[in-house]
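We have chain A already, so just place chain B on it with the hints.
So you can see what is in the structure, the chains are spelled out below.
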Amino acid sequence: MKKLSARRRHPLAALVVLLIALAATGGLYTAFAPADQAVADETAQTLTIEEGKKLYAVGCASCHGTGGQGTTDGPPLTGVGAAAVDFQVGTGRMPAQQPGAQVPKKKVIYSQAQIDQLAAYIASLGAGPEIPTENAYNPEGADIAEGGELFRTNCAQCHNFTGKGGALSEGKYAPTLEGVDPKHIYEAMQTGPQNMPSFPDTTLSEENKKDIIAYLEAVNGDDTVEPGGLSLGGLGPVSEGLFGWVFGLGTLIAVAVWVTARTAKAKKS
Amino acid sequence: MSSQEIPEENLPAEQGDAHGAVKVADEKNPFADPGLPPHEHRIQDIDERAAKRSERTVALLFTVSMLATIAFIAAYVAIPVDKAIYVWPIGHISALNFALGMTLGLALFCIGAGAVHWARTLMSDVEVADERHPIETSPEVRAQVHADFRAGAAESVIGRRKLIRNTMLGALAMVPLAGVVLLRDLGPLPGTSLRHTTWAKGKKLVNMNTMEPLRPSDVAVGSLTFAMPDGLDEHQHDFQKNIAKDALMIVRIQPDDIKDKRELEWSHEGIVAFSKICTHVGCPISLYEQQTHHVLCPCHQSTFDLADGGRVIFGPAGHALPQLRITVGEDGYLEAVSDFAEPVGPAFWERG
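Chains as they are written, first to last, in the working numbering: chain A, 1 to 269; chain B, 1 to 352.
If we strip away everything but chain A, and leave its shape as in the complex, we get (with noise of 0.2 Å):
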């Protein structure tokens, strides 16, 4: 740095810089460039797709059919979207270890190159929601006060008041939303995978979408401040109470039999 800074004023500095700087210009514009943009990416995506096919036949269909059409074991994928794909795969939910009242999120064992391979080619056998660009679900700058009452009217009934998750019928239950990627709350709500519902932007709009993973992020994120300290699940009135009858009236009833039970006596007996 220092031979760097002492030859700052040599007579070839600017040139050098200008050369710099023309060769950065130079780099970009070959890495952005759009020419032959139009056939290139008609090639590129028919090549994705055959290749989510490929994937598709592999680890897909199975249950969902040769052709996405659906069987017994699993329900037809026209038109789901490549946001569904890149929920259901990204999450690890799909592909599905065993039938059951409800698939667990678990480890995702495809790329995230794989995934959307999966998911244009899923896209290309019926239109569906996209998978949406990182502007759409970015939670900076929302309203988090509507977030928390878009989530209240909207999730809570499901997903408690936090995000903490919930029951359901017959095993099902809805999961809590704790270190869930922003992306897969906005395209879990855009295409409502398994038994939850979806909320499609024609009810819910992005902007509203957005307010509800910035209210997440503020109650239920890594950064979450419980002002209460423990939050013992954040289930509500049942943990709680548990805690106090458990706890609290525990202590007490120990330390009065350990009062009680120390003679103030001179002579011990």
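Don't read these hints as lab results, they were simulated from the structure.
Quantities reported herein were computed from a predicted structural model and do not represent experimental measurements.
Treat the hints with caution; some may be incorrect.
Only pairs whose alpha carbons sit at most 30 Å apart, straight line, appear in this in silico DSSO-like list of lysine-lysine [unchecked claim]:
1) Lys-261(B) to Lys-172(A)
2) Lys-106(A) to Lys-54(A)
3) Lys-52(B) to Lys-267(A)
4) Lys-201(B) to Lys-261(B)
5) Lys-172(A) to Lys-259(B)
6) Lys-106(A) to Lys-53(A)
7) Lys-201(B) to Lys-259(B)
8) Lys-259(B) to Lys-265(A)
9) Lys-83(B) to Lys-164(A)
10) Lys-106(A) to Lys-164(A)
Just chain B now, with coordinates in the frame of chain A:
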């Protein structure tokens, strides 16, 4: 029960050491009264230095309590409300809440601990026996009271002046009616308001997220939307009263999947509008499972089948979920055909 299991303090004391009344067995009471066990002294009763130490301990506890109260006030003044700290093992917590809780807890605990220590070591601990005595008053007193009562009755001439007696009884019986009449202030009777909602012919369905009227194309299959009648405003004084009955759940089901004929007739191309109020005790229900079309109530797990006329399939609810008949108006928005055909919400006496 063997003698080992009897706690020591329940065993009879040795005759010589016992103080208090000791009675020997006689024919009427075959068991001798052992009397109280001998009184034993505490170290503080014998040793004045120990008593002084106890006094200082109690005073110290009370002083700590005072300091904790001062710390409570200081924390309330000094700590900003949104400051967060990390406390093991609780985790991140509001510094203010933590400080207030700890100081107030300490202040109260020290008062209690001081009082207990005071009572155990310094207050008198001599056992005192209170003999039982009959509750009955003596025959002389009772006879006197009866005589007084009869004399009073005779002097008041209540037995002879029947008119006074009867009007007095009437007056005493009437007075409580004043209190009963005041119950009228509990409000006007509900009248027929439990049977009706704001919904009426031509009322548009307004999306509660966007506050815009809903078009059929807005409602996708498998989606869930909440709606209220057009014209309802959050700032109206009776908004809560109305929304408690008007709230709707809008879902779209493939017409082929709808099993109930009337439900299909009352829908618009599979878009059905059901009351959001549980027919059990009126909780808002909207735990909708889009694959099974079941709606679950979070309060008592009543489950309704939205694909079969809102039929109750589980739980304590007594009535199917009321459906609102909807159609599309001339301007292309979803609107109600009429009010609900039956009262929404929980059953009531006159519902029939």
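We went through each hint and held it up to the structure:
Our distance criterion of 30 Å between C-alpha atoms is met by Lys-261(B) and Lys-172(A), whose separation comes to about 29 Å. Under the criterion of a C-alpha separation no larger than 30 Å, the hint pairing Lys-106(A) with Lys-54(A) is consistent with the structure, at around 23 Å. Restraint check: the Cα-Cα separation between Lys-52(B) and Lys-267(A) comes to about 19 Å, which is no more than 30 Å; the hinted pair holds. Of the supplied pair hints, the one linking Lys-201(B) and Lys-261(B) holds, its CA atoms being roughly 22 Å apart against a limit of 30 Å.
Taking the CA atoms of Lys-172(A) and Lys-259(B), the gap is near 23 Å; set against the 30 Å cutoff, the hint holds. Proximity of Lys-106(A) to Lys-53(A) is assessed by CA-CA distance (about 23 Å); at most 30 Å being required, the pair is judged to hold. Proximity of Lys-201(B) to Lys-259(B) is assessed by CA-CA distance (about 26 Å); at most 30 Å being required, the pair is judged to hold. Only pairs whose Cα atoms come within 30 Å are accepted, and Lys-259(B) paired with Lys-265(A) is rejected, the gap being roughly 81 Å.
Pair hint Lys-83(B) plus Lys-164(A) holds up; C-alpha atoms about 24 Å apart against a cutoff of 30 Å. Note on Lys-106(A) and Lys-164(A): the hinted pairing holds, with a Cα-Cα distance of about 18 Å set against a maximum of 30 Å.
In summary, the one numbered hint that this structure violates is 8.
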